[in-house]
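Trainee: Given chain A, work out where chain B should sit, using these hints.
For the record, the sequence lines run as chains A and B.
Counting with our numbering, you get residues 1 to 264 for the letters of the first sequence.
Counting with our numbering, you get residues 1 to 260 for the letters of the second sequence.
Misleading hints may appear alongside valid ones.
[Unchecked claim] Here chain A is said to cover these stretches of chain B; the calculated rule only asks that three of the stretch's residues, wherever they fall, bring their Cβ under 8 Å from a Cβ of chain A: (1) 73-85; (2) 128-141.
[Claimed, not checked] DEER-style ranges, computed between Cβ atoms: (3) A:P97 - B:T37: 34 to 40 Å; (4) A:V247 - B:N128: 45 to 51 Å; (5) A:L23 - B:S245: 43 to 49 Å; (6) A:P44 - B:G204: 37 to 43 Å; (7) A:T174 - B:Q84: 57 to 63 Å; (8) A:L250 - B:Q84: 49 to 55 Å; (9) B:E247 - A:L86: 55 to 61 Å; (10) B:L244 - A:Q233: 48 to 54 Å; (11) B:R140 - A:G82: 45 to 51 Å; (12) B:V114 - A:Q233: 26 to 32 Å; (13) A:S35 - B:R140: 40 to 46 Å; (14) B:G35 - A:A26: 55 to 61 Å.
[Said to hold, decoys possible] If you want the ones that stay clear, here's a sample from chain B, every Cβ over 12 Å from chain A, calculated: (15) G38; (16) P64; (17) A117; (18) T144; (19) V190; (20) P213; (21) E216; (22) V219; (23) R237; (24) G256.
No lab work stands behind these hints: they were computed from the structure.
Keep in mind it's a predicted model, so treat the numbers as computed, not measured.
Think of the CB as a built atom: it goes at the ideal place given N, C-alpha and C, for glycine as much as any other residue.
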Amino acid sequence: MRRSRTPAPLLVPAALAVAFLVLPLAGLLVRTPWSQLGTLLTAPGVGQALRLSLVSATLATAVSVVLGVPLAWVLARSQARGRAVLRALVTVPLVLPPVVGGVALFLVLGRQGIVGSWLADTTGITIPFTTAAVVIAETFVAMPFLVISVEGALRAADARFEDAAATLGADRWTTFRRVTLPLVAPGVAAGAVLCWARALGEFGATITFAGNFPGTTQTMPLAVYLALQRDPQAAIVLSLVLLLVSVATLLLLRDRWLGRGAAA
Amino acid sequence: MRKVAAVLAAVVLGATACGGGEGAAASSASDGGGGLTGTLTVFAAASLTDVFTDLGQRLEGGNPDLTVQFNLAGSSALATQLTQGAPADVFASANGAQMDVVTGAGLADGDPTVFTANVLQIAVPAGNPAGVTGLADFGREELTLAVCAPEVPCGAAAEDVFAAAGVTPRPDTQEEDVRAALTKVELAEVDAALVYATDVVAAGDAVEGVPVPEAEDVVNDYPLCTLAAAPNPEAARAFVDLVLSEEGQQALEAAGFRAP
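The shape of chain A in the complex, shown without the other chains (with noise of 0.2 Å):
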């Protein structure tokens, strides 16, 4: 009892906040064509973003996962001086305007760009405009949200298995494999999920450096955003397949997987 009541002064504004961000949701389904459903949700091109989007999502989440779970090993566990800055730099993207990430990706990996020029002159192959771009507009916005997640489970871990285990002979390779990171697997796992989420609503960086064209690059988010400039009612249809996929993604994830992890 004494833990459950709501202090009175919090429950108007927690009130207003849930209606501030559910009632927009509701308003979707308010105002969703029910009776055009079948028609908007089979006509050509939906099914194709929806896939796109799913495949580059997760490959982005797999990418984000490889390469930022050793980057969060460091943040938490490494003595390296420069470790706060290196902390702000990685989590810049989170707050980045994503067209500003898109303008900043073809600086690098464009055609023209640093990197990418040297891509084209050397192996002929050039990232923007492809599938790849898609991947790696995603990753740079989203893979933040795994680091973060991943950090703070690192520091919340009890570093005295690491300890035991080091003193039971266990080299340091065979310690982040056999014991840290079956401590943190569970906020990899939250980590993995916003990760994921963050990259399938992705809008910014991917028609800046990825372009929109159907099949290739136009994810779900690039045709909700043309569909509104032809027909509002499928921009609606494609809101609505949108936001259940995300729903249902993170309700479901985070019922198998992350119970307790993504509360810690």
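Mentor: Chain B alone, transformed into the frame defined by chain A:
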């Protein structure tokens, strides 16, 4: 990027000029009697950015108590905003279809007037590194090419031009508005983009234009209207008159537009 900065500067300058009660450039056709007050809100197609910002400053110059503010975006996005209830005094569209959306919703005050026209042109990075000579190059697989998405006016016009020319385009990206397509040329990330002739003028030295004879048959008309619910109908009328006046038409021509 430079253009964005220029527009921002113009907006800031416009605001300060107004606050100081001192106009930038007054002229006979734009003084409107000097009695206009309040705020004039103009929703205009992104391709009109430079000309309309200039004309807005001229109107402010003759009317020290007037502030002109612009919402510059793709015509389709503007039409959507207007039908969703965004308050505005004037709407200038880059094609008839988006104006129809607004008149169809009963939002226009009277009939729209076609005030200028634009044709498509190929924009290539300075020096034309890929040697683009005409519309047929848009069928070349090995080039990196941008067009506007068919959902927006410049994309709809592009589809007509390609159809008339019998070219099947192989674009790498369908951009969300004409300025986004232009930006990719300015960054030299694409070999060519099909944009408006006016955009090539506005882009300056970073971009060269390649004329498209086939586009002469697909001239894009720009209609404008005052809005029925305009909060400032007198200023709305004065702005439309300025655009239609000889002074306004000359400014449009200098920016690469052509007479309707």
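Trainee: Range first: 57 to 63 Å. Now tell me if the beta carbons of T174 (chain A) and Q84 (chain B) are that far apart.
Mentor: 60 Å, holds
Trainee: Between E247 (chain B) and L86 (chain A), is the Cβ distance one that fits in 55 to 61 Å?
Mentor: 58 Å, holds
Trainee: Beyond 12 Å on every Cβ pair: is that true for P64 (chain B) relative to chain A?
Mentor: The claim holds: P64 (chain B) sits with its nearest Cβ about 36 Å from chain A, beyond 12 Å.
Trainee: Against the range 37 to 43 Å, how does the distance between the Cβ atoms of P44 (chain A) and G204 (chain B) compare: consistent or not?
Mentor: Cβ of P44 (chain A) to Cβ of G204 (chain B): about 39 Å, so the range 37 to 43 Å holds.
Trainee: Is the nearest Cβ of chain A still more than 12 Å from the Cβ of V219 (chain B)?
Mentor: 22 Å, holds
Trainee: Starting from the range 48 to 54 Å, see whether the pair L244 (chain B) and Q233 (chain A) falls in it by beta-carbon distance.
Mentor: 36 Å, violated
Trainee: So is V190 (chain B) really clear of chain A, every C-beta pair being over 12 Å apart?
Mentor: Violated: least Cβ distance 8 Å, not greater than 12 Å.
Trainee: 34 to 40 Å was suggested as the range; check whether the CB atoms of P97 (chain A) and T37 (chain B) agree with it.
Mentor: Holds, since P97 (chain A) and T37 (chain B) (Cβ atoms, about 36 Å apart) stay within the stated range.
Trainee: Can you tell me whether the CB distance of L250 (chain A) to Q84 (chain B) sits inside 49 to 55 Å?
Mentor: Since the Cβ atoms of L250 (chain A) and Q84 (chain B) sit about 29 Å apart, the hinted range of 49 to 55 Å is violated.
Trainee: Over 12 Å to the closest beta carbon of chain A is the bar; see if P213 (chain B) clears it.
Mentor: P213 (chain B) is indeed farther than 12 Å from all Cβ atoms of chain A, at 27 Å.
Trainee: Please check whether V247 (chain A) and N128 (chain B) have a Cβ separation lying inside 45 to 51 Å.
Mentor: 49 Å, holds
Trainee: When you look at the beta carbon of E216 (chain B), is every beta carbon of chain A farther off than 12 Å?
Mentor: The claim stands: E216 (chain B) keeps its Cβ more than 12 Å from every Cβ of chain A (closest is about 26 Å).
Checked against the numbered hints given earlier, the structure breaks hints 2, 8, 10, 14, 18, 19 and satisfies all the rest.
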